[in-house]
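Student: Assemble the whole structure, with the sequences as input and the hints as a guide.
These are the residues of each chain, in order.
2 protein chains.
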Amino acid sequence: MHVLILGAAGMIGRKLIDALCATGVVGGREITAMTLFDVVKPSRPAVPWPVSTQAGDLSNLSDVRALLSHKPDIVFHLAAIVSGEAEQDFDKGYRVNLDGTRLLFEAIREREYRPRVIFTSSIAVFGAPFPPAIGDDFLCAPLTSYGVQKACIELMLMDYSRKGLFDGIALRLPTVVIRPGKPNKAASGFFSNILREPLAGKEAVLPVLKDVRMWMASPRRTAGFLVHAAGLDLAAVGARRALTMPGISVSVGEMIDALARVAGSDRAALIREEPDERIIKIVEDWPFSFDPARALKLGFAADSSIDEIIRSHIDEELGGQLG
Amino acid sequence: MHVLILGAAGMIGRKLIDALCATGVVGGREITAMTLFDVVKPSRPAVPWPVSTQAGDLSNLSDVRALLSHKPDIVFHLAAIVSGEAEQDFDKGYRVNLDGTRLLFEAIREREYRPRVIFTSSIAVFGAPFPPAIGDDFLCAPLTSYGVQKACIELMLMDYSRKGLFDGIALRLPTVVIRPGKPNKAASGFFSNILREPLAGKEAVLPVLKDVRMWMASPRRTAGFLVHAAGLDLAAVGARRALTMPGISVSVGEMIDALARVAGSDRAALIREEPDERIIKIVEDWPFSFDPARALKLGFAADSSIDEIIRSHIDEELGGQLG
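Protein chains in written order, with this note's numbering: chain H, 1 to 323; chain U, 1001 to 1323.
The set of hints was computed from the structure by calculation and includes no laboratory data. It is possible that part of the hints are untrue.
[Said to hold, decoys possible] Derived BS3-like pairs (lysine-lysine); straight-line CA-CA distance at most 27 Å:
1. H:K163 <-> U:K1092
2. H:K202 <-> H:K182
3. U:K1092 <-> H:K71
4. H:K281 <-> H:K210
5. U:K1041 <-> U:K1163
6. U:K1071 <-> H:K163
7. U:K1182 <-> U:K1202
8. H:K202 <-> H:K92
9. U:K1092 <-> H:K281
10. U:K1202 <-> U:K1092
11. H:K41 <-> H:K92
12. U:K1297 <-> U:K1163
13. H:K210 <-> H:K182
14. H:K182 <-> H:K41
15. U:K1163 <-> H:K92
16. U:K1182 <-> H:K92
17. H:K163 <-> H:K71
18. U:K1163 <-> U:K1202
[What the hints assert, rightly or not] Incomplete in silico selection of chain U near chain H, CB under 8 Å:
19. G1127
20. A1133
21. D1137
22. S1145
23. V1148
24. A1151
25. C1152
26. L1155
27. D1159
28. R1162
29. K1163
30. G1164
31. F1166
32. A1236
33. V1237
34. R1240
Treat the numbers as computed from the prediction; the structure is a model and nothing was measured. Just so you know, even glycine gets a beta-carbon here, dropped at the ideal spot from N, CA and C.
Tutor: Following this line, the structure appears as structure tokens:
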């Protein structure tokens, strides 16, 4: 299997590459080649099969066409301008997230074959007000440009799949917690910061109240969703090719309790409460509770608990020991 | 008020122009100018205000820019490649229905003002399977390229409106019955044919069984939805700017009974049953029952009955008398 990954230098891309390289298998068959693409050149994993690493622009037709020249069997499309930037730079968000993805779809169509296309969508396709749990039949009414771009691509992916132009599936990812790396300024960043920083022995700021809830999945599970999607029988999925991924709905208070349980109350004490009205206002419109029945039936599985999420971070990012 | 109508030569465009010209008022203010645009030059109504009629291509940027040069206060966007053609010519459907509409949105944005934009969407944004009645929170999962194009534009219209780039609303029109004119070969054409032709004293073919239901509105009510949308306070509508329009759910059997009631059983006897498996299969995936609560609350009103629909056709198209 020749695997193409767009967005290979990002956090989820790297986790996906790790997962694929650990087994050497995807969709039940051996990996024979990889093409890794991002705005910066992705790093090359140490594997026995040939790997091509490429930097380019998703909104540039010749860059995108070149990726399809060897007809990859599976295309993982994770590349995107993130929510905050798409909101600030309206043109860039549409150019990359919407038009760039259409270029990819058209470049596949030009090659006249039918690869599996796995697209990372987001729960940002949903907008308040919400029912108590968002089911698989609930409307997409995004309140950000990023959410609109993701929702439009979901629709087009269904159309290209229905027309037999490729075999696509869109996975609506929960908020990924705990994101490794440095604290970032994304409005959702604190969900990771308040766990990652204390686990490394550092202070973290909590800008919202403790009753705020979020729908979350670990980086490990998130990469697992993508790998699982590569092996699914999509004919059984039917025409509705966008699936909300299973996560767990956890409040900030529950996150802090779990941190104390797993790592000790001295770590939990490193969280400083500094309510920030701007972030409180952004977060109150985010969806935090779902009933992802279709995905569960198709074998996608959530983390068992926030404790599991914390332990998998200690395991994967801290070499099994607290910092 | 300067009114721009794209798709002015089509059936709904002409009904809308008639309705506007009958009162000379839109959105509570006097009409001072009209620009009428379509692929063929629209005919010029006899009115005291200046009317510009233009033929052009919605997917041509300079054609679209020219329409915005006088900053129309209200933009009615009814132009589209119809469902059957968008399904057969994939590129043309996306180029006109999706990209052409984006050109329009961008041309408005370039002028840096905030007109009312009224876009005709369709119940084709929904795809089977359906609940017993489709509510305002039900997902868009179209099963045609046309439906995908309409659903994507709904999402973008919400985004442009949220960003203050214009003040938009999308109306999901029911199947329009009775379409005036000649029988056409659209899969949905028979819903009009089986009433219009017998009312004119001619035979009509019924290609489906009598228990098939459809969600329908008369041309008169459909034009009324557009006029009503021009005067709405959209701030009260909120972020979800796509509204399913009220219609009535009527079976073919009920249509034939009403025809006999209004026009006599000899007219109903002009319908010849010739089941066509291809059309039966297409129609079985169409939505036919809705709960359009939001639109009703905003003052959009359905026809009272299929009898009213038949009578309004006799009134408007046959000069009050059976053919």
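Student: Evaluate each hint against the coordinates.
Tutor: Status of the hints after comparison with the structure:
1. Only pairs whose Cα atoms come within 27 Å are accepted, and K163 (chain H) paired with K1092 (chain U) is accepted, the gap being roughly 15 Å.
2. As the CA atoms of K202 (chain H) and K182 (chain H) are separated by approximately 11 Å, the hinted pair is consistent with the 27 Å bound.
3. Annotation: proposed proximity of K1092 (chain U) to K71 (chain H) holds, straight-line Cα distance about 26 Å (limit 27 Å).
4. Simply put, K281 (chain H) and K210 (chain H) have alpha-carbon atoms about 14 Å apart, close enough for the 27 Å limit, and the pair holds.
5. Between K1041 (chain U) and K1163 (chain U) the alpha-carbon distance is near 33 Å, which puts this suggested pair outside the 27 Å criterion.
6. Proposed proximity of K1071 (chain U) and K163 (chain H) is contradicted: the alpha carbons are some 39 Å apart, above 27 Å.
7. A C-alpha spacing of about 11 Å is found between K1182 (chain U) and K1202 (chain U), which places the hinted pair at or below 27 Å, so the restraint holds.
8. The suggested pairing of K202 (chain H) with K92 (chain H) is violated, with an alpha-carbon distance near 35 Å, which exceeds 27 Å.
9. For the hint linking K1092 (chain U) to K281 (chain H), the alpha-carbon distance of about 42 Å lies beyond 27 Å, and the restraint is violated.
10. Between K1202 (chain U) and K1092 (chain U), the direct Cα distance comes to roughly 35 Å. Violation of the 27 Å bound is thereby established for this hinted pair.
11. Annotation: proposed proximity of K41 (chain H) to K92 (chain H) holds, straight-line Cα distance about 20 Å (limit 27 Å).
12. Using a Cα cut-off of 27 Å, the hinted pair K1297 (chain U) and K1163 (chain U) holds, with the two alpha carbons roughly 25 Å apart.
13. Proximity of K210 (chain H) to K182 (chain H) is assessed by CA-CA distance (about 23 Å); at most 27 Å being required, the pair is judged to hold.
14. Proximity of K182 (chain H) to K41 (chain H) is assessed by CA-CA distance (about 20 Å); at most 27 Å being required, the pair is judged to hold.
15. Straight-line distance between C-alpha atoms of K1163 (chain U) and K92 (chain H) comes to about 15 Å, which keeps the hinted pair within the 27 Å bound.
16. Taken as a hint, the K1182 (chain U) and K92 (chain H) pair is broken in the structure, with Cα atoms around 47 Å apart against an allowance of 27 Å.
17. The straight-line distance between the Cα atoms of K163 (chain H) and K71 (chain H) is roughly 19 Å, inside the 27 Å bound, and the hint therefore holds.
18. Restraint check for K1163 (chain U) and K1202 (chain U): not satisfied, since their Cα atoms lie roughly 52 Å apart, outside the 27 Å limit.
19. The closest approach between the C-beta of G1127 (chain U) and any C-beta of chain H is roughly 6 Å, which is under the 8 Å cut-off, so the hint is satisfied.
20. Hint status for A1133 (chain U): violated, given a least beta-carbon distance of 13 Å to chain H, over 8 Å.
21. The interface hint given for D1137 (chain U) holds, since its Cβ lies 5 Å from the closest Cβ of chain H, which is under the 8 Å cut-off.
22. For S1145 (chain U), the interface hint holds, the least distance from its beta-carbon to any beta-carbon of chain H being 5 Å, beneath 8 Å.
23. The beta carbon of V1148 (chain U) comes within 4 Å of a beta carbon in chain H, closer than 8 Å, and the hint placing it at the interface holds.
24. For the restraint placing A1151 (chain U) at the interface with chain H, the shortest Cβ-Cβ distance is roughly 5 Å, inside the 8 Å limit, so the hint holds.
25. Residue-level restraint check for C1152 (chain U) holds (minimum Cβ-Cβ distance to chain H is 4 Å; threshold 8 Å).
26. Here the hint on L1155 (chain U) is kept, as its CB sits about 5 Å from the closest CB of chain H, short of 8 Å.
27. Hint status for D1159 (chain U) relative to chain H: holds, with the closest Cβ pair at about 4 Å, below 8 Å.
28. Here the hint on R1162 (chain U) is kept, as its CB sits about 7 Å from the closest CB of chain H, short of 8 Å.
29. Look at K1163 (chain U): its Cβ gets to within about 7 Å of chain H, closer than 8 Å, so that hint holds up.
30. With a cut of 8 Å, the hint placing G1164 (chain U) at the interface with chain H is violated, because the nearest CB-to-CB distance is about 11 Å.
31. At about 13 Å, the closest approach between the beta carbon of F1166 (chain U) and any beta carbon in chain H exceeds 8 Å, and the interface hint on this residue is violated.
32. Because the smallest distance between the Cβ of A1236 (chain U) and any Cβ of chain H comes to about 15 Å, over 8 Å, the interface hint for this residue is violated.
33. Below 8 Å, beta-carbon pairs count as interface contacts, and V1237 (chain U) has none with chain H, the closest being about 12 Å; its hint is therefore violated.
34. The criterion of a C-beta within 8 Å of any C-beta in chain H is met by R1240 (chain U), whose closest approach is roughly 5 Å, and the hint holds.
In the structure shown, a violation is registered for the earlier hints numbered 5, 6, 8, 9, 10, 16, 18, 20, 30, 31, 32 and 33, in ascending order.
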